[in-house]
Amino acid sequence: DTAVSQTPKYLVTQMGNDKSIKCEQNLGHDTMYWYKQDSKKFLKIMFSYNNKELIINETVPNRFSPKSPDKAHLNLHINSLELGDSAVYFCASSHTAGQSTDTQYFGPGTRLTVL
Amino acid sequence: AQTVTQSQPEMSVQEAETVTLSCTYDTSESNYYLFWYKQPPSRQMILVIRQEAYKQQNATENRFSVNFQKAAKSFSLKISDSQLGDTAMYFCASVYNNNDMRFGAGTRLTVKP
Chain A
1 DTAVSQTPKY LVTQMGNDKS IKCEQNLGHD TMYWYKQDSK KFLKIMFSYN
51 NKELIINETV PNRFSPKSPD KAHLNLHINS LELGDSAVYF CASSHTAGQS
101 TDTQYFGPGT RLTVL
Chain S
1 AQTVTQSQPE MSVQEAETVT LSCTYDTSES NYYLFWYKQP PSRQMILVIR
51 QEAYKQQNAT ENRFSVNFQK AAKSFSLKIS DSQLGDTAMY FCASVYNNND
101 MRFGAGTRLT VKP
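Protein chains in written order, with the working numbering: chain A, 1 to 115; chain S, 1 to 113.
Hints in this document: simulated from the structure, not taken from any laboratory.
One thing to keep in mind: the hints can contain errors.
Beta-carbon label-pair distances, calculated as ranges [stated by the list, open to error]:
(1) A/10 with S/46: 19 to 25 Å
(2) S/54 with A/26: 26 to 32 Å
(3) A/54 with S/30: 25 to 31 Å
When the alpha-carbon atoms are kept at most 25 Å apart in a straight line, the in silico PhoX-like pairs for lysine-lysine are as follows [to be verified]:
(4) S/112 with A/36
(5) S/78 with A/41
(6) S/112 with A/40
(7) A/41 with A/71
(8) A/71 with A/9
(9) S/73 with A/44
(10) A/40 with A/9
(11) A/67 with A/22
(12) S/55 with A/41
(13) A/22 with A/44
(14) A/71 with A/40
(15) A/19 with A/67
Covered stretches of chain S (in silico footprint by chain A; criterion: 3 or more residues with CB under 8 Å from a CB of chain A, positions within the stretch not fixed) [stated by the list, open to error]:
(16) 39–45
(17) 102–110
Quick reminder that beta carbons are idealized off the backbone N, C-alpha and C, glycines included.
Pulled out of the complex, with its shape left as it was, chain S reads as follows (with noise of 0.2 Å):
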């Protein structure tokens, strides 16, 4: 079974600062894949970023990337240059195959003027 752990339930970070959201998870799978999903006040599911983890190389996205540490099974997502948009719940979440999507328990990030 997979379990994905989330350990700081709220954050905050000041606009145009960087803020790290930490992501652990548990699997016995060879082949999975993680992801960062945002959801804002909207309630809106939005996928931030995505690994393989067969992929060596952090994935980024403008102004996120992530920190993917295969062996310590830890998944970090980085924020750069925060900005109030970016004020929601950030979920972590692993799968290893179509059926089986795991989410972590959320991160509460506000972005303070």
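Here chain A stands alone, though its shape is the one from the complex (with noise of 0.2 Å):
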């Protein structure tokens, strides 16, 4: 019963394509994000998404593209991939309540690869 999932967990890609990772969790969150993990293990958060809302972190760029198609679910599209794009990607949710915080679970990564 795995509570937040991603596939795939390896991802090996040439310069240029278009991927997607996929993250599906079923604890009934609402808000789910997207991290990247670099080479140096340092961690920053990319988006967070409820159903009201998307905040973007000014970093990204427009090429890592989230997309939802439910509440249990925040894809991640990433176009014209680049070699610095090679990174781990985490998924998280937590569940929202007004500006209460509560703790965010994690997906298992997927480990993408550029050539």
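Two chains, two frames, some hints: make the complex.
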């Protein structure tokens, strides 16, 4: 019973390609996130999204776009992949109640390698 | 803006001993939350412990406890009776709303037999 799942776990692709990473949570959470972890293990938030609002980290290139078909899914689309996009991408989810902050639960990560 | 600093890139401890990982943060918010996450070689991010800033009592989860010093903006993690399975990267994080969670650079902890 995986709480937050991501597919694929590994993704190897050529520069210039377009790829997607899928994320699903079965926790009934209403907020989902995407994080990027670089080769030095530094974690940085890319997006947070709930039914009402998408918050984009201003440092994220517009080649990256989150798409949410429903509350349980937040997929990450990446266009025109570049070498610097190689990283581990984590999806996470949490419950939001007003301004209250609940714990974020993470998926297993997707290691993206751009050749 | 919030910042989180972990000043110890690497640490090691003997099995069964106690180790403390340091974390300091900087925020102008009055209501915020602090977390420690563990990332073993499997790369899964696992919640270790959580502390609400409005609570004075330090959080405890079995062998894991925190020393939360709000005035000093310090949030250290103490691991007692260290086990080999505690070997991992440990990340300190702060968040004041659900849209802005910030992580420290991480501390790589090795538990030696």
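Verification of the supplied hints:
Between residue 10 of chain A and residue 46 of chain S the C-beta distance comes to about 20 Å, which sits within the given range of 19 to 25 Å. At about 31 Å, the beta-carbon gap between residue 54 of chain S and residue 26 of chain A stays in the expected band of 26 to 32 Å. Evaluation of the 25 to 31 Å hint for residue 54 of chain A and residue 30 of chain S yields a pass: the beta carbon distance comes to about 27 Å. The straight-line distance between the Cα atoms of residue 112 of chain S and residue 36 of chain A is roughly 30 Å, outside the 25 Å bound, and the hint therefore fails.
Restraint check for residue 78 of chain S and residue 41 of chain A: satisfied, since their Cα atoms lie roughly 22 Å apart, inside the 25 Å limit. For the hint pairing residue 112 of chain S with residue 40 of chain A, the CA-to-CA distance comes to about 23 Å; that is within 25 Å, so the pair holds. A hinted pair counts as satisfied when its Cα atoms are at most 25 Å apart, and residue 41 of chain A with residue 71 of chain A does not qualify at roughly 29 Å. Taken as a hint, the residue 71 of chain A and residue 9 of chain A pair is honoured in the structure, with Cα atoms around 22 Å apart against an allowance of 25 Å.
At most 25 Å may separate the alpha-carbon atoms for a hinted pair to count; residue 73 of chain S and residue 44 of chain A meet this at roughly 21 Å. Between the alpha carbons of residue 40 of chain A and residue 9 of chain A the distance comes to roughly 19 Å, so the proposed pair stays at or under 25 Å and holds. Among the hinted pairs, residue 67 of chain A with residue 22 of chain A is consistent with the structure: their alpha-carbon atoms are about 9 Å apart, no more than 25 Å. Note on residue 55 of chain S and residue 41 of chain A: the hinted pairing is violated, with a Cα-Cα distance of about 30 Å set against a maximum of 25 Å.
Only pairs whose Cα atoms come within 25 Å are accepted, and residue 22 of chain A paired with residue 44 of chain A is accepted, the gap being roughly 19 Å. Taking the CA atoms of residue 71 of chain A and residue 40 of chain A, the gap is near 32 Å; set against the 25 Å cutoff, the hint is violated. Simply put, residue 19 of chain A and residue 67 of chain A have alpha-carbon atoms about 13 Å apart, close enough for the 25 Å limit, and the pair holds. For the region 39–45 of chain S, the stated coverage by chain A is satisfied: 5 residues place a CB nearer than 8 Å to a CB of that chain, which reaches the threshold of 3.
Counting residues of the region 102–110 of chain S whose C-beta lies closer than 8 Å to any C-beta of chain A gives 4; at least three are required, and the coverage claim holds.
Of the numbered hints given earlier, the model fails hints 4, 7, 12, 14; all others are met.
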